[in-house]
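Trainee: One-letter residues, chain by chain:
2 protein chains.
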Amino acid sequence: MGAFPYLIKAKDGAARAGVLKTSRGDIQTPAFMPVGTAGAVKALTMDQVRATGAQIILGNTVHLMLRPGAERVARLGGLHRFGGWHDPILTDSGGFQIMSLSKLMKIGEEAAVFASPIDGSRHLLSPERSIEIQADLLGSDIVMQLDECVAWPASEDRAGEALRLSARWGARCKAAFGERETQALFGIQQGSTFAALRRESSDRLIETGYDGYAIGGLAVGEGHEAMCEALDYAAGFLPADRPRYLMGVGKPIDLVEGVARGVDMFDCVLPTRAGRHGQAWTWAGSINLKSARFAEDETPLDGDIDCVASRDYSKAYLHHLVKSGEILAGVLLSWHNLAFYQALMARMRKAIREGRFESFRRGFHAGLAPVEVKPA
Amino acid sequence: MGAFPYLIKAKDGAARAGVLKTSRGDIQTPAFMPVGTAGAVKALTMDQVRATGAQIILGNTVHLMLRPGAERVARLGGLHRFGGWHDPILTDSGGFQIMSLSKLMKIGEEAAVFASPIDGSRHLLSPERSIEIQADLLGSDIVMQLDECVAWPASEDRAGEALRLSARWGARCKAAFGERETQALFGIQQGSTFAALRRESSDRLIETGYDGYAIGGLAVGEGHEAMCEALDYAAGFLPADRPRYLMGVGKPIDLVEGVARGVDMFDCVLPTRAGRHGQAWTWAGSINLKSARFAEDETPLDGDIDCVASRDYSKAYLHHLVKSGEILAGVLLSWHNLAFYQALMARMRKAIREGRFESFRRGFHAGLAPVEVKPA
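Protein chains in written order, with my numbering: chain A, 1 to 376; chain B, 1 to 376.
Please keep in mind that the hints were generated in silico from the structure rather than gathered at the bench. Careful, some of the hints might be misleading.
What the hints assert, rightly or not - Here are the simulated BS3-like pairs of lysine-lysine, each with C-alpha atoms no more than 27 Å apart in a straight line: (1) B:K290 <-> B:K251; (2) A:K290 <-> A:K323; (3) A:K323 <-> B:K251; (4) A:K21 <-> A:K174; (5) A:K9 <-> A:K350; (6) B:K323 <-> A:K103.
Said to hold, decoys possible - Below, a sample of chain A positions facing chain B; criterion: calculated Cβ distance under 7 Å: (7) T37; (8) L66; (9) P68; (10) G69; (11) A74; (12) G78; (13) F82; (14) G84; (15) L104; (16) I107; (17) V113; (18) Y233; (19) D312; (20) Y317; (21) H320; (22) E326.
Said to hold, decoys possible - Counterexamples of contact, computed for chain A against chain B with all Cβ distances above 10 Å: (23) L7; (24) D47; (25) R75; (26) R168.
Idealized CB from N, CA, C, for every residue including glycine.
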């Protein structure tokens, strides 16, 4: 089963290294997907995103249906052609926006109805419309089912309702999607931080049957420890032979701990958003270039990261750009952070293939230790 | 005389095509210099600036002395190393800022004293300090004399005072600069739109003797026609065997008309500033990508311009980026506009070498005609 073959090449503990073979190219896993919310990975050209090593990017159904409009993207040849990204694209279904835009949303059995934050216009997002937008109009390679993601904390009753609505919406998405050879449909596990609900959600997803399985509803405020605890059981409930995708996660440490628990795919706005605010990740931890301690620091951000930001510029220059409010600061730090994330994924894949993931994980924690220390 | 040989390879009417041979590389003239006010050409990496064909960029003394500070740039190895631009750099002296920041400035015979718009701190800019900052601390290749640039309109008395102060400041700059083998000092002609004053200014500049001569105090509100009228005489007052640099100019049509009157070098923030506001130049005139008429226009900005903006993206996508407030819009349009400006300079150089500049100029006007037409 599954539109795209998923070959697991190596296992090391719960961690897996594999390749998802899509009709637009291979995706090495564990994979990090840069987020191109509105058809652009913020501040970067697609060439720059490719140069970081990214093999797949993410687009957002709700943002794109509001602007420029899904029918318009279709008339312009689909999202790949429109945005100039010719490798695989995964589109989020809108479940996260149903939560984050909840004040503008009304959710019923049939669909979510919401007002555009741009112009107040009224829009309907049903499972069938979500599939039409993602699969037919945008032309996504990996289509996500429409789901309801609840904020944290949620009561067990509320989380249970949401997962059951998500399961019913998922079955309708599957029916609307049908069988396709060059596109895949992923289901989304919900259930907040309740093991029994994560189990129930998984059972219903497997009953419907998808090409891949996402873990939704985490990284919504529960914190790193609680997320790891949920992942301890949540990942294992999902089929071992299909890709597992942890949605909207996260910091580098979250990626390492997710991979350790059997997750294959991640996406997050953090590397680009934090980059626009002066933050950069390095193998020695994260730093904020606003700090005056970098004003005369001639060293590169991270000499181990193959990116123009480290190759051509010093921390002192990046500090100056951040302090001066130069757009280039956001460009270079977003670019660097995505390159760091891709380098992290590549190192994890290599460690898994070489049977030394646990050692890599310990070393990563040790390298980060200096910045994890809190003042007493 | 002159630190850098200036070889005029071809003349066509008053237009000249040549090469200024600096110790950091050749500059083909007529040349357009992108402006890197604070050590960065706004929104672009130095690689991207180089890719447009730029052979020299401009830095700004007043901006850099305020942030990050000239002594700091010196400790970081000079402006080339700090900003990652290893080709020639010309630094503006601060004359234009003396005008534009006039509310914060107090000008005396000895120096200009001003308050920093960043933090209110008090700074002094004398001819000697301007040379120290540009030549010794930033390490500029082409150093501009400190001058006083008057706003337009100015009375003949006021314009005369300013040019005479500029002449005295210029002589002090020359004395402070001394003789250097790997750096050049340019004088600046002032005199507003008064031919007699432009003549007087030029005579005094020639008496002092510089490696190149700039025309300052134009493009300050007088308009294209008045600027062309002033250039009709102003350029001819300057030595024919040294480069002539028209400061702060301009639109593509200004560059063509400047070259037609014997100008060799230009700089302007317009291509990058307008790019950040959605405006793009093409061989058919300028367009604003905000306009809804581009919403489904699949054609590139200008297929004749070798730039990622036209190679990888459509006007429809650029329109979407502008409407969505994406940083990438400013990046791509700034990049495109600089590539267009460099292509324009290259076409002018070629036309001059081939003895058909007048035909090129007529063709350029004809191509622009559709957007020059005003509604009746």
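Trainee: Are there hints from earlier that the structure breaks, and if so, what are their numbers?
Mentor: 3, 7, 8, 10, 11, 12, 15, 16, 17, 18, 24 and 25
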